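Can you make the complete structure from the sequences, with help from the hints?
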Amino acid sequence: MSKKSGAARKNNGASSGSSFDNLELFLIHLPTTIWYFIFCYLPMFGIVIAFKDYKVRPGRSFIWNLFVNSKWAGLNNFQGLIKSSYFATMLRNTIVYNIIFIILGIVIPVTLAILFNELYSKKLAKVCQTMMFLPHFLSWVVISYFVYAFLATDRGLVNNIARSLGIVSRDAPKHQWYLDENFWKYFLVFLNQWKGLGYGMVVYMASIAGIDHEMYEAALIDGATKWQQTKFITLPMLRPIISIMFIMSVGNIFRSDFGLFYQATRNSGSLTNITQTIDVYVFKALLERPNINFSSAASLLQSVAGCITIVAANLIVKKIDPEAGMF
Amino acid sequence: MAKNQPETIKYMRVKPATNVFISLLFILLALMCFLPALLVLIVSFSSEQSVLTNGYSFFPDEFSLASYAYLAKQTGYIGRAFLNSIGITIVGTFFGLFTTSTMGYALSRPNYRLRGFFTWYIFIPMLFSGGLVASYMINAQILGLKDTYWALILPICCSSFYCIVMRTFFQTSVPDAIIESAKIDGARQIRIFAQIVLPISLPAIATIGLFLTFAYWNDWMMAKYYLSSNVQDKFPLQYVLISLEDNISFLTRNKDKMGAEAAANLPSETIRMAMVMVSVLPIACSYPFFQKYFVSGLTIGAVKG
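Taken in order, these protein sequences are the chains called D and E.
1121 is the number of the first residue of the first sequence in this note's numbering; add one for each residue after it.
298 is the number of the first residue of the second sequence in this note's numbering; add one for each residue after it.
Honestly, the hints are just simulated from the structure, not real lab data.
Please read all numbers here as calculations on a predicted model, not as lab measurements.
A couple of the hints might just be wrong.
What the hints assert, rightly or not - Only pairs whose alpha carbons sit at most 20 Å apart, straight line, appear in this in silico DMTMM-like list of lysine to aspartate or glutamate:
| hint | chain 1 | residue 1 | chain 2 | residue 2 |
| --- | --- | --- | --- | --- |
| 1 | E | 312 | D | 1337 |
| 2 | E | 443 | D | 1408 |
| 3 | D | 1346 | D | 1332 |
| 4 | D | 1175 | D | 1408 |
| 5 | D | 1351 | D | 1441 |
| 6 | D | 1351 | D | 1337 |
| 7 | E | 312 | D | 1238 |
| 8 | E | 521 | E | 543 |
| 9 | E | 521 | E | 444 |
| 10 | D | 1404 | E | 542 |
| 11 | E | 312 | D | 1441 |
| 12 | D | 1294 | D | 1274 |
| 13 | D | 1404 | E | 543 |
| 14 | D | 1191 | D | 1173 |
| 15 | E | 521 | D | 1334 |
| 16 | E | 521 | E | 542 |
| 17 | D | 1351 | D | 1334 |
Right, here's the structure in full:
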């Protein structure tokens, strides 16, 4: 005990870096470290499942099943997966939607944040912002019920209003929205934007608020229009934060919002062609109609691909602007 | 309002016509975000009869509190689900705050020798994950978490993002002088952390705590992965809503084969919407007050730590 305080006093208040200090700090974060090991690093070893032909013998433990009962399959699982009919579909769905989401997810919130800043009435601004934040706090389960209230075939608001307004004749059968692929193609994009609007805006609004007013004043003196001010001051100042958001989005290009594609659509079978993303497939192949081999292969491909994209995206952004970038 | 503003700021505003346009745009967007929730709220207060005849509507024929009365009497599985959600949220938030703040604090100490190593240690899982299958096998089979409450709490209690937010906060908002003077007095790190740093870090803790609370309250995926129908008494509220939906779809598809009794046991339309409201209202009513914290938390996190 006295050894420790003696060491501190000797350095006269400067950071001591004594080994006891280090040990204590280590102990402080030890529980978290163990958590990471169990829930983040152990599963990384679990990728070995993808290289085996997983066979279960009931009554035996998982480890036994995996290492004794299952034969080494090398790349067979991957080959089988890639050759299957649904691989192209799930890849297409995941990537195409994400590209759309990434682009819209930057353009729309940035535009709205800039416009939002110009509102005269700050009171109106605050009320609108609070209301626009609501979807972010809702779970997809709740949102799926909201959507159902509008799109249910028999009782949904949309069908009934279309009927009463005369848009649709009363004799025509009620439109079954949950079977309509063409509708959901676009509606999924809308839902994704609807949920993320409030959150996305806030990030950019905070950055805009931090921009030095004097620059705008100087530009004004030089006779710049609002549009010019936006183009030459606001947007360049937002570049770092846009870059970071862009990298994070692109890094996650192989991941999808499971709740959006599975829950909001009520897992409608007719929509599978457009709702089956990699995450949805991995889930279904693990827990609904088990195909552990393909599921684990897809899962591993997704992790590896995601890792590559995020590192690459970060490198590219750093080339453009050395200050930006996550690491 | 215009009269009080200094001249320069007035010149910097958009034209009044543009302001009208922008205001209308945001009013429209705000309504779009809010109206669906309002619809479900109104339906939950509608009488069952008016929903069965006219469908979902903003203007039902008659209002009724029957669905909420029904819920209030449910000490059965709905009440149980509500209690489950509350318990899981509280315990989960506690675990989450404990893990993120301890890691955040340790990593914020500049003289900690293992700082670089462990920063990477928590950063790598953000880049690469073992995937759902591996996690599932470990959580369900090896750790034996299947069908337990812990499956809903532990796997998601910690997040690298929040650790970094905490670390940034400790680095920037806790004055070094306080810590140094405590060290001179011979205080150990754990004492510094618990008795000095934590009490003055309440804003960060409140922010992360809020994020965690809302995340746990809304979570249904863990239940979907790890809870089977054998343990219906452990279902959290959101998951009960899902299984209701599944049952309804199932019953609708098999209407002829199931007896009238099975259909009658299903909560009616209005009761379902009342349940949705019950799961949403705590959040919907509280988040406006905490908006300030969310915004500051997001901005701290978005800046590179």
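Here is how each hint holds up against the structure:
With a C-alpha separation of about 17 Å, the suggested pairing of residue 312 of chain E with residue 1337 of chain D holds against the 20 Å cut-off. Our distance criterion of 20 Å between C-alpha atoms is met by residue 443 of chain E and residue 1408 of chain D, whose separation comes to about 16 Å. As the CA atoms of residue 1346 of chain D and residue 1332 of chain D are separated by approximately 16 Å, the hinted pair is consistent with the 20 Å bound. A distance of roughly 17 Å separates the Cα atoms of residue 1175 of chain D and residue 1408 of chain D; the hinted pair therefore holds under the 20 Å criterion.
Among the hinted pairs, residue 1351 of chain D with residue 1441 of chain D is consistent with the structure: their alpha-carbon atoms are about 18 Å apart, no more than 20 Å. Taken as a hint, the residue 1351 of chain D and residue 1337 of chain D pair is honoured in the structure, with Cα atoms around 15 Å apart against an allowance of 20 Å. Taking the CA atoms of residue 312 of chain E and residue 1238 of chain D, the gap is near 10 Å; set against the 20 Å cutoff, the hint holds. Only pairs whose Cα atoms come within 20 Å are accepted, and residue 521 of chain E paired with residue 543 of chain E is accepted, the gap being roughly 12 Å.
Proximity of residue 521 of chain E to residue 444 of chain E is assessed by CA-CA distance (about 10 Å); at most 20 Å being required, the pair is judged to hold. Distance restraint check for residue 1404 of chain D and residue 542 of chain E: the Cα-Cα separation of roughly 18 Å lies within the 20 Å cut-off, and the hinted pair is therefore satisfied. In summary, the hint linking residue 312 of chain E to residue 1441 of chain D is not supported, as the alpha carbons are separated by about 35 Å, beyond the 20 Å threshold. Simply put, residue 1294 of chain D and residue 1274 of chain D have alpha-carbon atoms about 7 Å apart, close enough for the 20 Å limit, and the pair holds.
The hinted pair formed by residue 1404 of chain D and residue 543 of chain E meets the criterion: a straight-line CA distance of about 15 Å does not exceed 20 Å. A distance of roughly 5 Å separates the Cα atoms of residue 1191 of chain D and residue 1173 of chain D; the hinted pair therefore holds under the 20 Å criterion. At most 20 Å may separate the alpha-carbon atoms for a hinted pair to count; residue 521 of chain E and residue 1334 of chain D exceed this at roughly 53 Å. Proposed proximity of residue 521 of chain E and residue 542 of chain E is supported: the alpha carbons are some 13 Å apart, at most 20 Å.
For a cut-off of 20 Å, the pair hint linking residue 1351 of chain D to residue 1334 of chain D stands: about 16 Å separates their Cα positions.
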